[in-house]
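S.K.: Sequence:
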Amino acid sequence: MIGFTWLLFCGLLHVSVLHAACPPRCECSEAAQTVKCVSKDLRHIPTGIPGYTRNLFITGNHISRIGSESFKGLDNVTTLSLSNNGITELEPQAFSGLHSLLFLDLSGNRLAAIPPEALAVPGRTLQELNLSRALRDPSAGADLARLLRGGALSGLRGLDLSGNALGTLPPGAFRRLPALRRLLLANNSLAALRNGTLAGLGRLEELDLRRNAFRGFWGESLAELEAAPRARLLLAHNPLSCSCAALPLARWLNGSRERPADAERLACASPPALRNYTLLEAGGAPGGCLEDEAGEGGEGGGGADLALQTSYVFLGVVLGFVGVVFLFVLYLNRKGIKRWMFDTRDACREALEGYHYRMEVDSDPRLSHVSTTADL
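If you want the numbering used here, it's the position in the sequence shown, counting the first as 1, plus 157.
Hints are computed from structural coordinates only; laboratory data are not their basis.
This one's a predicted model, so the numbers in the text were calculated from it and none came from an experiment.
Just so you know, even glycine gets a beta-carbon here, dropped at the ideal spot from N, CA and C.
One or more of the hints may lead you astray.
Okay, the calculated beta carbon distance ranges per label pair [what the hints assert, rightly or not]:
1) R506 to V474: 39 to 45 angstroms
2) E383 to L472: 23 to 29 angstroms
3) R491 to R408: 45 to 51 angstroms
4) V479 to H513: 17 to 23 angstroms
5) R332 to V474: 52 to 58 angstroms
6) P273 to D294: 15 to 21 angstroms
7) F260 to G205: 30 to 36 angstroms
8) P181 to G230: 15 to 21 angstroms
9) R360 to Y469: 21 to 27 angstroms
10) G308 to D232: 19 to 25 angstroms
11) E184 to H219: 14 to 20 angstroms
12) A508 to G480: 45 to 51 angstroms
13) D419 to S257: 34 to 40 angstroms
14) T282 to R351: 46 to 52 angstroms
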């Protein structure tokens, strides 16, 4: 009896210890190996997170800093979400205590800078990194480039950089990410892809460039897209110019339509006459293309406005048809026209002869006298 009571006491003590191990204002599930601290108005990473935790969600709070001590001892965590916490600072080695980390979500924060070793994970186990809407201003892109080139993220397979107002991506920014499969760059301010921007991404399977500032993909930009032959491309909702310079892109899309998943939705933003057209429709229209109203042609130079050129061709065809009909009518009435011409010639000849006779009479007084006597 005493032994049973002792076992029951130990069991209750064990349960109470497990319950006490869950941080205040968090929800813990040992069965699911999950801890959630969602929208609890936390000001720092809570302490006392159970060692069994594999999935850790600390989101929607007011945590401004992640220090190197924040996740010590959490060797089993594979998924960590820190989205929408207003984080502005990541210290070097901030995630060095997470030896098994695979998925890291830092979206919706306001990072001012990213130290080169801030995202270093022991063993380079990190496979998915979400930095969408995480950078406070576009200048953080320089820190991001140094971070990506540092090699600490060489095992990444998915990288989400959407919604950060990034204006440029330096050549070779992703060269140290040879395993990358998905690269999401939507909702930024990118206007061109420089030569070598996508270098080293031979395994890339998805590239999202929607909702940027691309007026077209010419020259280096088009060469960069062609350098990722396996990637599924998303290019819609860019302010594309459908000038003559867009024709190479239109031909390329027609020749590889299985890759750009949204090729049918690439709408023309300029010139105004083509705003109701898609790029594929404009590129395949008869008569070539026309120059933009502002004379812009993008990276590949100018050209004539496609819609206006088509109108000129149509007008030429109509006028040519009218001319052919007129000549045919003349041919059918050639005998009548010939008779009318002869009659007109004879009438003109008689009128001229009478005119010359009167001139001769008026100039000779003798003939004038004879003519007057004859009249009497």
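S.K.: Give a verdict on every hint.
M.R.: How the hints compare with the structure:
1. R506 to V474: 39 to 45 angstroms: Taking Cβ atoms as reference, R506 and V474 lie about 44 angstroms apart, which means the hint holds.
2. E383 to L472: 23 to 29 angstroms: Between E383 and L472, where Cβ atoms are some 38 angstroms apart, the hint is violated.
3. R491 to R408: 45 to 51 angstroms: Holds: the Cβ-Cβ distance is about 50 angstroms, inside 45 to 51 angstroms.
4. V479 to H513: 17 to 23 angstroms: violated, 43 angstroms
5. R332 to V474: 52 to 58 angstroms: Taking Cβ atoms as reference, R332 and V474 lie about 54 angstroms apart, which means the hint holds.
6. P273 to D294: 15 to 21 angstroms: Cβ of P273 to Cβ of D294: about 19 angstroms, so the range 15 to 21 angstroms holds.
7. F260 to G205: 30 to 36 angstroms: violated, 23 angstroms
8. P181 to G230: 15 to 21 angstroms: For G230 against P181, whose Cβ atoms are near 18 angstroms apart, the range 15 to 21 angstroms holds.
9. R360 to Y469: 21 to 27 angstroms: The hint (21 to 27 angstroms, Cβ to Cβ) is violated, given that R360 and Y469 are roughly 48 angstroms apart.
10. G308 to D232: 19 to 25 angstroms: Given a distance of about 23 angstroms, which is inside 19 to 25 angstroms, the answer is holds.
11. E184 to H219: 14 to 20 angstroms: Hint holds: Cβ distance 19 angstroms, inside 14 to 20 angstroms.
12. A508 to G480: 45 to 51 angstroms: violated, 34 angstroms
13. D419 to S257: 34 to 40 angstroms: holds, 37 angstroms
14. T282 to R351: 46 to 52 angstroms: violated, 31 angstroms
Of the numbered hints stated above, those contradicted by the structure are hints 2, 4, 7, 9, 12 and 14, listed in ascending order.
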